[in-house]
Amino acid sequence: MVTLLTDVIAAEQRYLDARKAGDRATIRAAEDELRTTQRLFGAGADRQAAPGAAGQENR
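Note that full-length UniProt numbering has the sequence shown beginning at 1, numbered continuously upward.
The hints are simulated quantities; they were obtained by calculation from the structure and are not laboratory data. Treat the numbers as computed from the prediction; the structure is a model and nothing was measured. Glycine included, each C-beta is placed from N, C-alpha and C at the ideal position. Watch out, some of these pointers could steer you wrong.
Derived CB-CB ranges, DEER-like [what the hints assert, rightly or not]:
1. 5 - 31: 28 to 36 Å
2. 4 - 29: 18 to 26 Å
3. 39 - 16: 30 to 38 Å
4. 2 - 25: 16 to 24 Å
5. 22 - 2: 27 to 35 Å
6. 24 - 2: 15 to 23 Å
7. 24 - 3: 15 to 23 Å
8. 2 - 23: 29 to 37 Å
9. 29 - 5: 31 to 39 Å
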């Protein structure tokens with residue numbers, strides 16, 4: 001989970017750097033990477049919070 005969060009932060013930084021540089025192709029690539037990484041992070045968080053995760057039982 002921590003690795004995914006680190007990946008999201010790194011992708012956000014690359015996006016901000018691309019925006020600062022102003023290169024449209026790099027910005028688009030960074031946006032795509034950021035969206036994908038955020039989606040993966042969200043899916044990972046959902047799995048962690050799901051009932052039954054980490055040995056929790058549904059009652």
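Right, here's what the structure says about each hint:
| no. | hint | in the structure |
| --- | --- | --- |
| 1 | 5 - 31: 28 to 36 Å | violated (19 Å) |
| 2 | 4 - 29: 18 to 26 Å | holds (20 Å) |
| 3 | 39 - 16: 30 to 38 Å | violated (19 Å) |
| 4 | 2 - 25: 16 to 24 Å | violated (31 Å) |
| 5 | 22 - 2: 27 to 35 Å | holds (32 Å) |
| 6 | 24 - 2: 15 to 23 Å | violated (33 Å) |
| 7 | 24 - 3: 15 to 23 Å | violated (30 Å) |
| 8 | 2 - 23: 29 to 37 Å | holds (31 Å) |
| 9 | 29 - 5: 31 to 39 Å | violated (21 Å) |
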